[in-house]
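Using the hints provided, position chains B and C relative to the given structure of chain A.
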Amino acid sequence: MKYILMMTGTKADFDWYATWSKRDLQAQFAFMHSFNKELKESGVLVATEGLAFPNEAKMVRAAADGSPITDGVFPESKEFLAGYWIVDVETPEQAYQLAARVSAGPSPKDRGNQPIEVRRVMSGPPPEML
Amino acid sequence: MKYILMMHCPKTGYDTFGAWPQKDIHAHIGFMIGLNKELRESGELVSAEGLASPQQAKIVRAGKDGTPVTDGVFPESKEFLAGYWIVDVENPERADAIAAKASAAPGPGGAPMNMPIEVRQVMSGPPEEMS
Amino acid sequence: MTPQPDSFEHLLRELTPQVLGAVIRRFRDFSSAEDAVQEALVAAAMQWPREGVPDNPRAWLIQVASRRMTDYLRSEMARRRRETEAALEMDQLAPPPGSASDSDQDDTLILLFMCCHSALTSSSAIALTLRAVGGLTTNEIAIAFLVPEPTMAQRISRAKRSIKDSGVRFSLPTSQERAQRLGAVLHVLYLIFNEGYTSSAGPNLQRVELSHEAIRLARAVHRMLPDDAEVAGLLALMLLTDARRPARTGTDGELIPLTKQDRALWDQKQISEGTALLTKALSKGSIGAYQLQAAIAAVHDEAARAEDTDWPQILALYDLLKRMSDNPMVVLNHAIAAAMVHGPAAGLELLHGLDNDGRLAGHHRLDAVRAHLLEMAGDHQAAIAHYRIAASRTTSVPERNYLMTQAARLNESAGG
Numbered sequence: 548m549k550y551i552l553m554m555t556g557t558k559a560d561f562d563w564y565a566t567w568s569k570r571d572l573q574a575q576f577a578f579m580h581s582f583n584k585e586l587k588e589s590g591v592l593v594a595t596e597g598l599a600f601p602n603e604a605k606m607v608r609a610a611a612d613g614s615p616i617t618d619g620v621f622p623e624s625k626e627f628l629a630g631y632w633i634v635d636v637e638t639p640e641q642a643y644q645l646a647a648r649v650s651a652g653p654s655p656k657d658r659g660n661q662p663i664e665v666r667r668v669m670s671g672p673p674p675e676m677l
Numbered sequence: 004m005k006y007i008l009m010m011h012c013p014k015t016g017y018d019t020f021g022a023w024p025q026k027d028i029h030a031h032i033g034f035m036i037g038l039n040k041e042l043r044e045s046g047e048l049v050s051a052e053g054l055a056s057p058q059q060a061k062i063v064r065a066g067k068d069g070t071p072v073t074d075g076v077f078p079e080s081k082e083f084l085a086g087y088w089i090v091d092v093e094n095p096e097r098a099d100a101i102a103a104k105a106s107a108a109p110g111p112g113g114a115p116m117n118m119p120i121e122v123r124q125v126m127s128g129p130p131e132e133m134s
Numbered sequence: 224m225t226p227q228p229d230s231f232e233h234l235l236r237e238l239t240p241q242v243l244g245a246v247i248r249r250f251r252d253f254s255s256a257e258d259a260v261q262e263a264l265v266a267a268a269m270q271w272p273r274e275g276v277p278d279n280p281r282a283w284l285i286q287v288a289s290r291r292m293t294d295y296l297r298s299e300m301a302r303r304r305r306e307t308e309a310a311l312e313m314d315q316l317a318p319p320p321g322s323a324s325d326s327d328q329d330d331t332l333i334l335l336f337m338c339c340h341s342a343l344t345s346s347s348a349i350a351l352t353l354r355a356v357g358g359l360t361t362n363e364i365a366i367a368f369l370v371p372e373p374t375m376a377q378r379i380s381r382a383k384r385s386i387k388d389s390g391v392r393f394s395l396p397t398s399q400e401r402a403q404r405l406g407a408v409l410h411v412l413y414l415i416f417n418e419g420y421t422s423s424a425g426p427n428l429q430r431v432e433l434s435h436e437a438i439r440l441a442r443a444v445h446r447m448l449p450d451d452a453e454v455a456g457l458l459a460l461m462l463l464t465d466a467r468r469p470a471r472t473g474t475d476g477e478l479i480p481l482t483k484q485d486r487a488l489w490d491q492k493q494i495s496e497g498t499a500l501l502t503k504a505l506s507k508g509s510i511g512a513y514q515l516q517a518a519i520a521a522v523h524d525e526a527a528r529a530e531d532t533d534w535p536q537i538l539a540l541y542d543l544l545k546r547m548s549d550n551p552m553v554v555l556n557h558a559i560a561a562a563m564v565h566g567p568a569a570g571l572e573l574l575h576g577l578d579n580d581g582r583l584a585g586h587h588r589l590d591a592v593r594a595h596l597l598e599m600a601g602d603h604q605a606a607i608a609h610y611r612i613a614a615s616r617t618t619s620v621p622e623r624n625y626l627m628t629q630a631a632r633l634n635e636s637a638g639g
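Chains as they are written, first to last, in our numbering: chain A, 548 to 677; chain B, 4 to 134; chain C, 224 to 639.
With the rest of the complex left out, here is chain A:
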């Protein structure tokens, strides 16, 4: 069963991340490095990506003639995807375990555990839709 684990943040969260101490940053980088390595070696990891910080994010829509219209303005409250993991596990509980580990990853003491959203990845349109 494939699940996606998503880490998000508002622009303010990303700005705050840039102010972490060197020690907190290095601890987080080391954690991610070894967590990803472990997932890879256990054969559970399907994909993982980090996304560019949201300063360059844009929304694209189609104009009437199909050409792209871009817009770079977002509400303050918008949660931007920072990165994700797709894991292939036997049970949803295994996915939640992994998410809990990410959530408990190192971070400065004044913030609680990062919430990680877990969703099932579809392997095609739901049969009832076709």
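Accuracy of the hints is not assured; some may be wrong.
[Stated by the list, open to error] Restricting the straight-line Cα-Cα distance to at most 20 Å, the calculated cross-link-like pairs of lysine-lysine (PhoX-like) are: (1) A:Lys605 <-> A:Lys625; (2) A:Lys625 <-> A:Lys558; (3) A:Lys558 <-> A:Lys605; (4) B:Lys81 <-> A:Lys625; (5) C:Lys503 <-> C:Lys492; (6) A:Lys625 <-> B:Lys14; (7) B:Lys14 <-> B:Lys81; (8) B:Lys67 <-> A:Lys558; (9) A:Lys569 <-> C:Lys483; (10) A:Lys587 <-> A:Lys549; (11) A:Lys584 <-> A:Lys549; (12) A:Lys605 <-> B:Lys81.
Since the hints were made in silico from the structure, they are not lab data.
Frame of chain A; chains B and C shown alone:
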């Protein structure tokens, strides 16, 4: 250059999608299948995934002893990631063009939905040696 | 005779571009030639372990592949009558395999020129070169570039079609075109080399080391064109740069800059080889951009400690390089060298000229270098700001981590 194209869906959208006429659902899904095929043939498709409805989604945190503490998604969340494409393209304009295509997917009545597609670079570059 | 599986693989990979080149030369159909050569390789992999490697393995492969091609062409005769007759005629006129030993090298070289033709985008040329000349499987290339195999297969197909549509002939370039075509080949190899620094992203642990592939291909070109100084220069540059690789990454995957690397980890054998190649190339009299870059790498590599680096010599080399190349990256590196010799103000002054260069607009390296020089100049607040901007613009996770760490370090020492 790798870009992620994210299709966000308002929470209400999940409920209404299921209520579309069958014909419109087929057209919508058929469009997505066609877009993916096109991207595969152009050698630009890296991945495309659809995510399950947020009704079964969980927000997970670590409890005191590290065990997962799960909650449903926040009721006040307005939109959810419905799915995404990762494309490997020659330039940012091509990423925008593909996003515009995805945005024009047909909706109820067959009209283009003009959904906003969020476009961002994926961190895939090789590092340079720092001096 | 005990067959050794590893040496078969090595032998087959070496022979693949020669065999492919020979078959394309005869039959002029890139795509079908590839399929035919693939079948011949499979046949070899099955038969040779049992029967032993033939006396002339290259001829064996060409013969088997040619037979497949002929069979294929015969069955396509209705549609391709004219080409089939021409091909069968050529087959009869072709010299027996194993006679002219120069022609296999020529064929590999021609193939390489074709794969790097300007009709192709860089990413197509890279994929096609790795497949046709490097002999990597489509899957290996896909994994190296972190894309699905069907996507990479399509890219390679389309690249082959572009070559066909552009009407490129299977022959060595004329002396007029040669410099430009060879430049394109060297550029593609250089791109492959730079792509090679393994990222830890992606689920696959077994990733072909592209920097090694690039070195292998550059060695092959050097063997084929031993008198070309820029070819030697590129190979030297790759060796002298790759020599530092063991020291570039820390235990947590973090990037370690050149000035902080543990030089005991540098590969001295590669440094010696690169230096020797470079010395020989420079003695030929003409100086090209790759030789200059190799010379700069050699100056870094010969310093026992970072503080022993001969920066004035590096600056002089960048002065020369700047004159022959308008690449803005050269200007950036030149500014760093100028700062090391004349102080950060001199380096920052040189960066001003780049502010209006469209090629660098929004590029993280300009901010990263500026931040580094501002730090040297003692303007910590501005340096922190530029490190953070650079971090938000790079597309490499290890680089982003590095830049954020620099900002954090400076922030702490500034009492922030």
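Comparing the hints with the structure gives:
1. A:Lys605 <-> A:Lys625: 13 Å, holds
2. A:Lys625 <-> A:Lys558: OK: A:Lys625 and A:Lys558 at ~8 Å, within 20 Å.
3. A:Lys558 <-> A:Lys605: 13 Å, holds
4. B:Lys81 <-> A:Lys625: 9 Å, holds
5. C:Lys503 <-> C:Lys492: 17 Å, holds
6. A:Lys625 <-> B:Lys14: With Cα atoms ~14 Å apart, A:Lys625 and B:Lys14 stay inside 20 Å; holds.
7. B:Lys14 <-> B:Lys81: 6 Å, holds
8. B:Lys67 <-> A:Lys558: 28 Å, violated
9. A:Lys569 <-> C:Lys483: Holds - the C-alpha atoms of C:Lys483 and A:Lys569 are around 17 Å apart, at most 20 Å.
10. A:Lys587 <-> A:Lys549: Within the cut-off at roughly 15 Å; holds.
11. A:Lys584 <-> A:Lys549: Holds, at about 19 Å.
12. A:Lys605 <-> B:Lys81: Answer holds: A:Lys605 to B:Lys81 is near 18 Å, not above 20 Å.
Hint compliance for this structure: hint 8 is the single one not met.
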